[in-house]
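Once you have looked at the hints, place chain B on chain A.
Protein chains: 2
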Amino acid sequence: MENKIYIFGHKNPDTDSIGSSMVKEILDRKKGTNNVEAKRLGNINKETQYVLDYLNLQAPELLEKVEEGQEVCLVDHNEFNQSVEGIEKAKILSVTDHHRIANFETSEPLYYTAKPYGCTSTILFEEFKNNGIEIEKTEAVLMASCIISDTLLLKSPTTTEHDKKALAELEKIAGIDVNKYGLEMLKAGTDLDDFSAEELVNLDAKSLDKNGSKFVIAQVNTVSIEDVLKRQEELETAINKEIETKNLDLFVFAITDILNSNSEVIALGKRVDAVEKGFDKKLEDNKMFLEGVVSRKKQLLPVIDKNI
Amino acid sequence: MENKIYIFGHKNPDTDSIGSSMVKEILDRKKGTNNVEAKRLGNINKETQYVLDYLNLQAPELLEKVEEGQEVCLVDHNEFNQSVEGIEKAKILSVTDHHRIANFETSEPLYYTAKPYGCTSTILFEEFKNNGIEIEKTEAVLMASCIISDTLLLKSPTTTEHDKKALAELEKIAGIDVNKYGLEMLKAGTDLDDFSAEELVNLDAKSLDKNGSKFVIAQVNTVSIEDVLKRQEELETAINKEIETKNLDLFVFAITDILNSNSEVIALGKRVDAVEKGFDKKLEDNKMFLEGVVSRKKQLLPVIDKNI
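If you read the protein sequences in the order shown, they are chains A and B.
Position 287, counted from 1, in the first sequence is what the numbering used here calls 287; the numbers after and before it change by one each time, with no gaps.
Position 107, counted from 1, in the second sequence is what the numbering used here calls 107; the numbers after and before it change by one each time, with no gaps.
Okay, chain A solo, but in the shape it has when bound (with noise of 0.2 Å):
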């Protein structure tokens, strides 16, 4: 049967890209729509790998592109760069989504649901609840782990109430201890040992624009600034790489001690002044420590967007 409706998250997915599509296909399911099926823009990250094991879950299909008028619901994103091959001429239903909004447009009207919160999850965590849906273990877990994953473990300055709120009442449901395997879920993302450098540039990349300049922002999440470090050579090669294919004017590659809440970057291209002028702060060796920052969305995105 062809008139599937497909949902689906970002281009390097995250936790919160898969989780949230595979909630969504579960809450829709619930709701009555049967037709909808979770898929995924990439590759699966270790820190994903491990909600699924524990799950006992397969990962959604990989989708590389859609055809014109396909139906689709997007999750946790919703600027057309980030998304499928083809989605400007897609049929897009509805969009799920906590980030700021750009590079999107439609000719219909649609379902639009974005909140400022730390976490796609938490706001279908809210569509359950105002739904009056039960929530069950599976999901439970799914929305645990995609609210742990975006907001480190509640430790990110994107967390919110709301987040807290769901993130306590999903705890019971799914019957875990939150830190226990929160701290296992996180760690087993931060095992960085078998990519080469050309994947960890591109392991959870975003590439964004703004008045026509082209600028990539990636991160990577790691219990030992020092030891990723150790590999700043190659990863230099393969993020100017990267510039030099893509043609972009800056790349921020941000390496996030997700246990001291800080994070290193490091900063190529033409329009690295945006990086130095934005944190009021000299690049040494190409890079610089920020104390506090691990937000892409909130600390480094803002920051750089305005000055460049």
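No lab work stands behind these hints: they were computed from the structure.
Fair warning: there could be bad hints in the mix.
As a list, the in silico DSS-like pairs of lysine-lysine whose alpha-carbon atoms are at most 30 Å apart [to be verified]:
{"no.": "1", "chain 1": "A", "residue 1": "Lys31", "chain 2": "B", "residue 2": "Lys129"}
{"no.": "2", "chain 1": "A", "residue 1": "Lys65", "chain 2": "B", "residue 2": "Lys306"}
{"no.": "3", "chain 1": "A", "residue 1": "Lys297", "chain 2": "B", "residue 2": "Lys89"}
{"no.": "4", "chain 1": "B", "residue 1": "Lys287", "chain 2": "B", "residue 2": "Lys297"}
{"no.": "5", "chain 1": "A", "residue 1": "Lys4", "chain 2": "B", "residue 2": "Lys306"}
{"no.": "6", "chain 1": "B", "residue 1": "Lys65", "chain 2": "B", "residue 2": "Lys129"}
{"no.": "7", "chain 1": "A", "residue 1": "Lys306", "chain 2": "B", "residue 2": "Lys65"}
{"no.": "8", "chain 1": "A", "residue 1": "Lys11", "chain 2": "B", "residue 2": "Lys210"}
From a predicted model like this one, the values you see are computed outputs, not experimental measurements.
Just chain B, lined up with the frame of chain A:
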């Protein structure tokens, strides 16, 4: 006190833009946010004045422009070219809307609630419900009036089951006979005699932009298309002036018969081919009759947008 949050609908405000702004102010106050204030981006039309007179209410104050950083809530629109001067630099806290999304972007996350319903007030009605907030007579009359206006008494193809359900419930709270009140209200809006041709073509005009093509779709409601067409010559002069001063590619002026649910459109500009191709019909004397067409959003805009 200057940290007021302004709530407003689109330029050339119709009843939904004025009424929904006023209703959102009431809703926000009932939810505990008191520094909100409904505003309007243009003159009150005769239909809306009928509603205000019925409730013995003052119109919101005119808002000419906003300063950088001004906190605002948009209702019934999102496209910046339909919004207030300075909107690009404002801080948009929320959007409540039932239109397509385009020419809109923010640098930070926000609340965005769009649903493909016939009327913004139907979405606000559901917000009262979801938050368990009582709907009193004033807001019931306002919301009912918005729904009647946008759906032409539930006869427009934009009407959804949600609008019907909301209007049925609001009718009881408002203590009105929807058909009697609604027809009087709509008829009040069709009294076009006082308006100059220039005013008529701007009364309810939406500016749009597609890949650099600028076009306007304006609409007036009437109980006699023939009456309005008596002024075709001066209307064309006024339209051509708009095309010239605003450098438009196309101006479509729809004269909609609210009793029989049809429209006559006058189309001028170098891209009238978009109208002819879209409706597969030739313009004669710059006009064409469109059987069953009453909705700009659902029947005019998508067809013209696809062909321009």
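For this session: Compare the structure with the hints numbered earlier in the document and write down the numbers of the violated ones, lowest to highest.
Result: Hint 6 alone not satisfied by this model.
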